[in-house]
Every structure is written in structure tokens, then in C-alpha cells.
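Novice: One letter stands for each residue in the lines below.
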Amino acid sequence: MQIDRRKFLNILLGIGGIGGVLAIIYPVLSFLNPPKSAEPKVNSVKAGLNNDFPANSSKIIKFGRQPVILIKTEDNQLKALSASCTHLDCIVQYRQDTKQIWCACHNGTYDLNGRNISGPPPKPLEEYEVKVVKDEIVITKAG
Amino acid sequence: MRKRFYYIIICLITSLSLFGFNLSDKNEDKAKAGKKEDHCITCHKEMENMPKDFSENNVHLHANLTCASCHGGDPNSADQESAMNPAKGFIGIPKRKDIPKLCGKCHSNIDYMRTYQPRIATDQVEQYYTSMHGKKLLAGDENVAECTSCHTAHNIMPVKDPRSTVYKLNIPNTCNKCHGNTDMMKKYNLPGNPLEEYTKSVHGEALLKNKDLGAPACNDCHGNHGAMPPGITSISHVCGICHASNMEYFNSSKMAKVFQEQDFHGCEQCHGNHAIQKPNDNMIGDDKESKCNDCHSKGDAGFDASVKIKGLLVNLKNKYDDANAKYLEVKQKGMNDVEIGFLLQDAKQALIQSRTLIHTFDTAKVGTRTDDGIGISEKASVLAQKEIDEYYTRRNGFAAATFAFLIFAVALYFKIKEKNIKKKVG
Amino acid sequence: MKNIGSKLIAWIDERYDLTPVRNLLEHKKVPVHKHSIWYYMGGVTLFLFMIQLFTGILLLLYYRPGEDSAYESVRFIVTNVKFGWLIRNVHSWSANLLVLFAFIHMFSVFFSKAYEKPRELTWVTGFIILIFTLAFGFSGYLLPWNELAFFATKVGTDIVGVIPIIGEPLKVFLRGGEDVTGATLSRFFGIHVAVLPAIFTFFLALHLLFIQRQGMHEPEHFKNLPEEKKKYIPFFPDFALKDLLLWVVVFNVLIFLALYFPWELGNKADAFTPAPAGIRPEWYFMFMFQSLKLLPAHIIFIEGELLGILFFGVAGFVWMLIPYIKIKNKPNWKIQPLALIGIIIVSFIVVMTVLGYLL
Numbered sequence: 001m002q003i004d005r006r007k008f009l010n011i012l013l014g015i016g017g018i019g020g021v022l023a024i025i026y027p028v029l030s031f032l033n034p035p036k037s038a039e040p041k042v043n044s045v046k047a048g049l050n051n052d053f054p055a056n057s058s059k060i061i062k063f064g065r066q067p068v069i070l071i072k073t074e075d076n077q078l079k080a081l082s083a084s085c086t087h088l089d090c091i092v093q094y095r096q097d098t099k100q101i102w103c104a105c106h107n108g109t110y111d112l113n114g115r116n117i118s119g120p121p122p123k124p125l126e127e128y129e130v131k132v133v134k135d136e137i138v139i140t141k142a143g
Numbered sequence: 001m002r003k004r005f006y007y008i009i010i011c012l013i014t015s016l017s018l019f020g021f022n023l024s025d026k027n028e029d030k031a032k033a034g035k036k037e038d039h040c041i042t043c044h045k046e047m048e049n050m051p052k053d054f055s056e057n058n059v060h061l062h063a064n065l066t067c068a069s070c071h072g073g074d075p076n077s078a079d080q081e082s083a084m085n086p087a088k089g090f091i092g093i094p095k096r097k098d099i100p101k102l103c104g105k106c107h108s109n110i111d112y113m114r115t116y117q118p119r120i121a122t123d124q125v126e127q128y129y130t131s132m133h134g135k136k137l138l139a140g141d142e143n144v145a146e147c148t149s150c151h152t153a154h155n156i157m158p159v160k161d162p163r164s165t166v167y168k169l170n171i172p173n174t175c176n177k178c179h180g181n182t183d184m185m186k187k188y189n190l191p192g193n194p195l196e197e198y199t200k201s202v203h204g205e206a207l208l209k210n211k212d213l214g215a216p217a218c219n220d221c222h223g224n225h226g227a228m229p230p231g232i233t234s235i236s237h238v239c240g241i242c243h244a245s246n247m248e249y250f251n252s253s254k255m256a257k258v259f260q261e262q263d264f265h266g267c268e269q270c271h272g273n274h275a276i277q278k279p280n281d282n283m284i285g286d287d288k289e290s291k292c293n294d295c296h297s298k299g300d301a302g303f304d305a306s307v308k309i310k311g312l313l314v315n316l317k318n319k320y321d322d323a324n325a326k327y328l329e330v331k332q333k334g335m336n337d338v339e340i341g342f343l344l345q346d347a348k349q350a351l352i353q354s355r356t357l358i359h360t361f362d363t364a365k366v367g368t369r370t371d372d373g374i375g376i377s378e379k380a381s382v383l384a385q386k387e388i389d390e391y392y393t394r395r396n397g398f399a400a401a402t403f404a405f406l407i408f409a410v411a412l413y414f415k416i417k418e419k420n421i422k423k424k425v426g
Numbered sequence: 001m002k003n004i005g006s007k008l009i010a011w012i013d014e015r016y017d018l019t020p021v022r023n024l025l026e027h028k029k030v031p032v033h034k035h036s037i038w039y040y041m042g043g044v045t046l047f048l049f050m051i052q053l054f055t056g057i058l059l060l061l062y063y064r065p066g067e068d069s070a071y072e073s074v075r076f077i078v079t080n081v082k083f084g085w086l087i088r089n090v091h092s093w094s095a096n097l098l099v100l101f102a103f104i105h106m107f108s109v110f111f112s113k114a115y116e117k118p119r120e121l122t123w124v125t126g127f128i129i130l131i132f133t134l135a136f137g138f139s140g141y142l143l144p145w146n147e148l149a150f151f152a153t154k155v156g157t158d159i160v161g162v163i164p165i166i167g168e169p170l171k172v173f174l175r176g177g178e179d180v181t182g183a184t185l186s187r188f189f190g191i192h193v194a195v196l197p198a199i200f201t202f203f204l205a206l207h208l209l210f211i212q213r214q215g216m217h218e219p220e221h222f223k224n225l226p227e228e229k230k231k232y233i234p235f236f237p238d239f240a241l242k243d244l245l246l247w248v249v250v251f252n253v254l255i256f257l258a259l260y261f262p263w264e265l266g267n268k269a270d271a272f273t274p275a276p277a278g279i280r281p282e283w284y285f286m287f288m289f290q291s292l293k294l295l296p297a298h299i300i301f302i303e304g305e306l307l308g309i310l311f312f313g314v315a316g317f318v319w320m321l322i323p324y325i326k327i328k329n330k331p332n333w334k335i336q337p338l339a340l341i342g343i344i345i346v347s348f349i350v351v352m353t354v355l356g357y358l359l
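Taken in sequence, the protein lines are chains A, B and C. Just so we're aligned: the first sequence equals residues 1 to 143 in my numbering. Just so we're aligned: the second sequence equals residues 1 to 426 in my numbering. Just so we're aligned: the third sequence equals residues 1 to 359 in my numbering.
Hints may contain errors.
[Said to hold, decoys possible] What the simulated footprint calls covered on chain B by chain C, stretch by stretch (three residues with Cβ under 8 Å from a Cβ of chain C suffice, anywhere in the stretch; the number is not a length): (1) 394 to 404; (2) 409 to 416.
[Unchecked claim] Derived lysine to aspartate or glutamate pairs resembling EDC-like cross-links, with alpha carbons at most 20 Å apart: (3) A:K99 x B:E248; (4) A:K36 x B:E390; (5) B:K308 x B:D286.
[As the list claims (entries may be wrong)] The calculated label-pair distances, taken between Cβ atoms and stated as ranges, are: (6) B:I388 x A:P122: 31 to 41 Å; (7) A:V138 x B:G367: 31 to 41 Å; (8) B:E418 x C:I343: 39 to 49 Å; (9) B:L65 x A:S118: 30 to 40 Å; (10) C:V318 x A:V138: 52 to 62 Å; (11) C:S6 x A:I15: 20 to 30 Å; (12) B:L65 x C:G177: 56 to 66 Å; (13) C:D270 x B:D321: 29 to 39 Å; (14) A:S30 x C:P234: 31 to 41 Å.
These aren't lab readings, by the way, just hints derived from the structure by calculation. By construction, the Cβ of each residue, glycine as well, lies at the ideal position given by its N, Cα and C atoms.
Go ahead and model the full structure; you've got the sequences and the hints to work with.
Specialist: Set out below in C-alpha cells:
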């Protein structure tokens, strides 16, 4: 009886011990395995090649939690502004005809510096800095 | 002379008291500033006979205009006879029908106004006479609004000043002073409850409750100085000031022509005017509330299209709501929600655009956009579900680990106990 | 299994002679009495330190110091790296429990007078370890570079600046400049992962060596027992097994806390935003922070805050030297003066901490 009990305890100890060690090793090994999106998001976002981005056009870039509108003007200037309309948070768009930033929801317009020039928007759009590094467009938070 | 006498007496009595010091100090200051005394105000104050609506913040007072600038007379004279002498231009209380012209003396004179505000508009009086108010006033109706009805006479403040009666947030109440008077409005065959309706409307709620200064007040649709009810042709343009896409889609649809032929009231036909509500998906399709059914009935192409469009919208809305509910759960569980939030923003944009595209009355156009939205919503749902699953996986993993540790701990406990017993026995 | 194990030991023993190791293991025995529970506190603290070391090294794989990468990399660890949330939260929770158990360990030693001759140096090294533990906590708090940490560090280093003469240069040294900036982050990172571990490990080794040499302290009532009534258990394996049992329990509690009460990351630090409401130091600094706050602005010509800091400095120093201070026992006092001092200190810390969270 005594021996059986001891054996049983030893088996239990073994199972628990191995289980416990696995419970530590598995998370640690998973942690060591680098995730697919290897680059931690930093304060700047790459927005594609400058050459592939035609003049007088725009695209929406994800910047952290914030959508950013990247615009290339006719004279090849790059502008990046928050894409959330300051009125009711619709996503704004670049109008190729009027060369303005336009919010379709309530016809608010901003100029290319993000200043609200007509319609309901109460505030200008927040500006982001744009740099071109080896033809790669990089957007960073201003300030 | 009498005033002087009083002044001396007051000075003598009060100069011993602290208050007296203050008073004389003030007078000294005034004298130093070299400001001319306006006898209109001095006397009327003394007689407690100031206009009821008088305010020190009056924009004209700040521009160094005097009572006499409007009322005429001589403010430099302390004598009533001479100060309020018609020979000196004194006109007393101006007649209502003369008021627009009186204000226009300065406000229509660009050379004069420029000296105060270089960019100010000077067409207000001209516009006023094109308005219903102006036309009626010219015709001798003394009930209609003139300048002071909205701007007040002695408490005029700039539009941007929140205290002003014509500050955006105050406009509905200002108009309501007359337009909420049912008896008065009856004479003009107008309903006496536009404010009541407006307050409940989507615009009223945005402006008055949420203080969204981008939302339209009365004047944004009716004009201010040129106030008029918008005519049938101008309605969609009025709404289109803000709802540009809706107007564009509608005007280029085949429906626009029919509306014109039938004398329908543009946007107002379906959306109403003062009591306009946030549109909902039941306004189309075969629902009881459906506006399409006012003209279309079961069997015709328009009815079928409206049912189809509604189906598309409802489908997208449901998919969006599902994804949103999951998104909120992810957020609440403290999991990674950034990507999902992005997708949902896109999905919402698609929903808004699909609803706007209704005004093309084109099922194909609406369908393309709703398909986009449904795709995005589903993607968001899948991502959110992954995060929610992960949340539970973590807990299950913890449970498993705890189970293993528990077995180990219990076994260890008995092992230690057993050792102690053995020792005691030994 | 067992056979292989003992064979292996025999194999090593044959070649390297394990007698000294065996002696060292068998040499220590642990007295058994009603206050034995306090013997475990140091062990738990040690265990938590080992967890800190381990998870800290793991975090280093992904953490990137720097103004525009620190916050993002912690965010990355928590959201993208598998089990990153677990490692980071275990690290944060373990840090807090470590401080807590260190305090419990210290006061248990104080009240049982275990610091008395011949264990004075064990106490002194222990106190130094505690100070470095707090430094670990303070420097580690800033590393995620979030709003709360940023402002807490600002306030914390500001307090350092109050000290006369050396305060200002010390503050500039800590901050790596006039203000809390990315330079501060670099410094704190270096201090946290290189400087402190080195010094800490040295003093910890000393501390453990002293204990191993001198064995467990026996409290007064146990010492006075007749020899045959004194009960001991060998440190190895009996006490060590019990230690292990407790560690397993503590470890499980730790991952429970990490899962169910994760540490918020909050918003990224931004020097230009106004300080958010509720800026407070970590709980183990709260009693000092709160006392400084409650002091009047001036106490007879001297700035209240300065006086407070000097007081804490002197008090800490005296506390470290307590083994060398002789306070006579009063036979007719119910509570001995030294115990009374201890009780006052503990209640002061508890009351000030509670006040700090209530006010």
C-alpha cells in the first residue's frame, strides 16, 4: 500500500512537473519566434515609392490609429494631413478638379494646407510631415 | 447749473467716506482720459429712462458712436430743450418703416463702413428689400421684421459674439420671437411652430443640443437679410450647400426631371423641411414609412428597384453592425483593435456612401458600393473573431497551466508530508 | 530516472569531489517554530528577482529604447508578439510583488531582530538591495514611454533637484539634460538593464553568501528552549522543497494577475500635452510622495519639501545602520522601544500610502 502510494505520488509529481515546465517553455519559445510583421510601428509610416505616385492625386495611409491623406499636388509637392474631417469624422478626399480637400458628407472644404475654408468643419486638418528618403515616401508626425 | 450743484453736494457729502474717494477717483480718471461726456446717457440714466434693451457691450458704443448718431440731436448739450431739438436733427424714436433706411445710412455706405471694418458687406439693406420682410414693410405692414427685430436696437453685437441675438446658436430663438407667435403667423397663413419642429429635427439637434456650429440654423436655408422661403427650384440647391453629393446624384438621375414636371418639392418631398429627421433605411423599399410608395406601387419598376436597394442597404448595415459589435467586444476585452477599427471606418464610409447613392435610384451603383462595404465588414468580423478567440485561448491556456501547477503542488505537498512522517517513524 | 540521476552525481563526484557542495547544502538547517513562515519571504523575493531577470532578458529581444520607438515597441510586444502580453505583464507584476515581498522580508527581519550580531552585514546588504530594487522600479517605469510614466518621472526627478548643492547636478545627470526627454529614456534604459543588474547581483551574492555562512537566525524564544525541544529541518531538501511549493503557488498567482489584471499601456508620452489627471508615482513611492505633499511650504526658513527629503534620507541611513544602534530594553514596558519604533514606521508607511490613494 505504502509503495503504491509513493509510486502514485511520484507519477503525479512527474506529470505535474512536466506539465508545469511545458506551460513555461511553450510561451517562452513562442515569444522567441519573431512575428511576421517584424517591424514595430514607429512614429513614421512608409507610404510607397514617390515615382509610382502620380501628380494631382491622393491616397489614404494608415498612421497608427489615424487615417492620413497623402496628396501629390500638380507641381509634385507632397502633403500629408489627417484624413478625418474635423466636423463629423468622415474621411476626406482630394478633388482633382478643384485642387482642394473635400469632405463629401457635408460639403466641407479645406485647402491643401488643411485650413478649413468653407462648409461646416470647425478646425483645420492636422498636418503631418512628409519626407522622401531614397524615393520612399515617409510620413512622420509633425512637431 | 443744477447738475453742477448736485455734483458739488455729492462730493462734499461723500468725500469723507471711502466710497467718496472711489467716486472722485473715477471722475478724475474720466477727466484725465479727456472723454467728452454724452449728455444723452447721463440724463437718461439719471432719470432712469434708458432704453430697456440697452447694453454697455453694444457694438456701436464701442465704435464711439453716440445716441445721436441714430436719434439725432446734440449730445453736448446738457439742456433738454436744446439737446433734443428737431432743429438739431433730433428724430426721437424712428418709425419702423424708416429703420432699414436709417441703418442703411451707414451700413450701405462702403466708404464709411470701411473705416471700421475694411471687409464688411454693405448690401444688407438692398437684400432686405428683396426679402418677404422687406417687401411687406414697403407695402406698409408694420408687423414684419426690420433690422432691430433681429439685431435689437441698443444691444447690437457682432455675429461672432456668443451674446449676440444673431450668433448662430441664438438665431432659432431670435426668429422664433415672431415666427413662434401663432396668432401673428395666422395672418400670414404660416404655421406658428417652426422652432418646435426644428428643435426635434436632425439639424436642430446638431445645432442646439450638440452645439455643432456647422449645422444649419434658420438663416442657412432661408437667407438672413434676404429671407425668403426657398422656392421649388432652389430647394435642392439649398440642401446641396452641405449635402453636395446627394444633390449631384439626384439632379443627374432621371427622377429629377419627373420631379420638375410634377412640381414636386425636391428634397423636401421625401425628407420634409423644419422637422427633418435623420433618414433611415425604412424610407425606401416596401415598408409603411417608405417614401417611394407615395408614387410607386407593387409591380412597377420603381417599386422593385426600391425594394432591391433597401435589401442591399439592410444587408450591409447588418454586416456592419455585426462587425461593430465584435469590435466593441474586442475593445472591451482589451485586445488589439487597431486594424479592426480601421476596417470599420472604411465600412462605415461605404455605408454612408451607399446611402447617399440611393439618390441615383440606380441599383447597380448602390450595389457596387454595398458589396465593397460588406466585404470590408466581413473582413473586420473575421479579424475581430480571431481576437476574441485569442482572448478565450489565453484563459484556457491559463486554466491548463494552473491545472498542471496544481497537480505538481499537491503532489509536492504530500511528498513533503510523507517525508515528515517517515522521519518521525524513523 | 532516479538511478540515472544518482549515477550522474556519482560520476561527477568521482572526478570532482562534491563533498564541499554537499557540505554546503547540508550545513544549513532551519529552525521550526510558530514564526517559521517568515523564513520563506526572502526566498519568494529571490524567486521573483529570478523571474525579473528572465522576463527582462526576453523583453530585451523586442524592446527598442528611443523616443519614437520605445512606446511603439512595447505596443508591438503586447499586441503582435506571441505571448508578449504575458511576458510584459509578468515582468510588471513581478516587479511590484518583488518590492512588496522585499518590504515584508525586511520588516519580518526587523521585528524578529534577526539583524543583530553577527548578522549586521546581512542587514546592510539587504537594505542596499532594497534601495536598488526601488531604483529598478523607478527606472523601469519610464521605459514604456507612456504619458503616466513620463510625468511620474518628471515629478520624481524634480524631487531629486530639491536637494541642496548636489540636487541640481544630480537631476541633470539623471535626466540627461534639463528636461525629461529621449535622452532620459536612454539613460534610464542603460541604468535599468546594465548598471543596476551588475550592482544588484553583487550585493545579492554577498547577501546570500552571508546567510549561507551563518545559517538561519533563531529568535529569542527559540534560543531559550532546552536543547532537546529545539526542532530543525534540514535546508536541503526539506526546506527547499517547501520553498519550491510556495514558488509554484506564487508563480501561478503571478500569471493569474498578468492575465486578468494587465498593466495598461496608455497613451504615448508627449511633452507638449498637459499632464493628465492622477499623476502619481508607483505605490511603493507613494508614502514618501504623500508625506512631501502634506508638508507645509516652509518650516522655519527651510523649504518643507527639502526638509522632508533630508528627513527620508537620514531616516533611511539610520535604518540601514540599525544593527549598530543599541537601544536598551525596558523590562516593564509591554512593547519594547525598538518594536514600538518599527510599529510606528510601518503604520506611517501604511497610513501615508492609503492617504495618497484617497486624497
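Novice: Hint by hint, say whether it matches the structure.
Specialist: These are the hints, each one checked on the structure:
1. 394 to 404: With 5 residues closer than 8 Å to chain C, the stretch 394 to 404 of chain B meets the three-residue bar; holds.
2. 409 to 416: With 5 residues close enough to chain C, the hint holds.
3. A:K99 x B:E248: Roughly 19 Å separates the two Cα atoms, so the pair holds.
4. A:K36 x B:E390: holds (17 Å)
5. B:K308 x B:D286: holds (10 Å)
6. B:I388 x A:P122: 31 to 41 Å: For I388 (chain B) and P122 (chain A) the Cβ distance comes to about 37 Å; the hint holds.
7. A:V138 x B:G367: 31 to 41 Å: holds (39 Å)
8. B:E418 x C:I343: 39 to 49 Å: Given range 39 to 49 Å: holds, Cβ gap about 41 Å.
9. B:L65 x A:S118: 30 to 40 Å: holds (33 Å)
10. C:V318 x A:V138: 52 to 62 Å: holds (57 Å)
11. C:S6 x A:I15: 20 to 30 Å: holds (22 Å)
12. B:L65 x C:G177: 56 to 66 Å: For L65 (chain B) and G177 (chain C) the Cβ distance comes to about 57 Å; the hint holds.
13. C:D270 x B:D321: 29 to 39 Å: Holds: the Cβ-Cβ distance is about 35 Å, inside 29 to 39 Å.
14. A:S30 x C:P234: 31 to 41 Å: Since the Cβ atoms of S30 (chain A) and P234 (chain C) sit about 39 Å apart, the hinted range of 31 to 41 Å holds.
Of the numbered hints listed earlier, not one is contradicted by the structure.
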